[in-house]
Amino acid sequence: MANDSSRLRISAVNDVVRIDFVDRDILDEATIRQIGQDIQRKLEPMSAPKVLMCFTVVEHLSSAALGTLITVNSLVKKKGGTLRLAEIRPEILEVFYITKLNKHFSIDESAEAALKALA
Amino acid sequence: MSARIEGHAILRGPRAEIDACQSAVEQAMTEHGYGREALFAVRLALEEALVNAIRHGNRHVPDGQVDFRWSVDADEARFDVQDQGEGFDPDAVPDPTEDDNLEIPSGRGIMLMKAYMSEVEYRGPGNHLAMVYRKSKDA
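Quick note, the sequences are listed as chains A and B, same order. Take 7 as the starting number for the first sequence in my numbering and just add one per residue. Take 2 as the starting number for the second sequence in my numbering and just add one per residue.
Simulated from the structure, these hints should not be mistaken for laboratory data. From a predicted model like this one, the values you see are computed outputs, not experimental measurements. Ideal Cβ placement from N, Cα and C applies to all residues, glycine included. Only true hints are included.
Pairs of lysine-lysine, DSS-like flavour, derived with a Cα cap of 30 Å:
1. A:Lys-109 to B:Lys-138
2. B:Lys-136 to A:Lys-106
3. A:Lys-106 to A:Lys-122
4. A:Lys-106 to B:Lys-115
Partial list, computed: chain A residues near chain B (C-beta under 7 Å):
5. Leu-33
6. Ser-68
7. Gly-73
8. Thr-77
9. Glu-97
10. Ile-104
11. Thr-105
12. Lys-106
With the sequences and hints as input, model every part of the structure.
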């Protein structure tokens, strides 16, 4: 069952929390803050969460958005869970490589591949 | 299109001001035939530059303003972003790609600007950022 917030579409795929971004641009600080709070609120009561974040529609993101992803990853790791990122456009993927955050995150080409890895 | 297109804006903070600047620059670059990679690079770098100036540069400046000047011609796009803060030493910002720093949520804006622009220079005490994107980079 989907649980929609204003900027995210959060759904359950078996035991995986799937988070899809709704907006093409993840730039606005207030929006990024809201995204971080929505995700933290969702994950807070969970133990060892399996989380998939899909960037299918995302065309631009800022360093502030990267910061929020790092914070979410830290929260998931702290809870003994796993976070995987998927469906990242090549331009955005390059940002992860430039910042070397590809070493920090588990990144899959497709949601299907990520779900398989999380199974 | 061969004439240089120029713009100037004073930003006080609202998101709509940044969006308006980004749109004006994107339109000028499109008119001058810059490609998708160039538009992506400049948008990302400008986002970091303007947000840094507003959020960090003017942090201790009540009612601070950011002066943003830009020009685009067939060969290059130039940007000057100046805040009213006391500046900073960009060389003192920790390298976010070091293994020990990878989990730190902030501090990637400057490196992204340097990665995507042809030239990035902090002038004065560090409150004036000058950036250039050359179309030759847009392969």
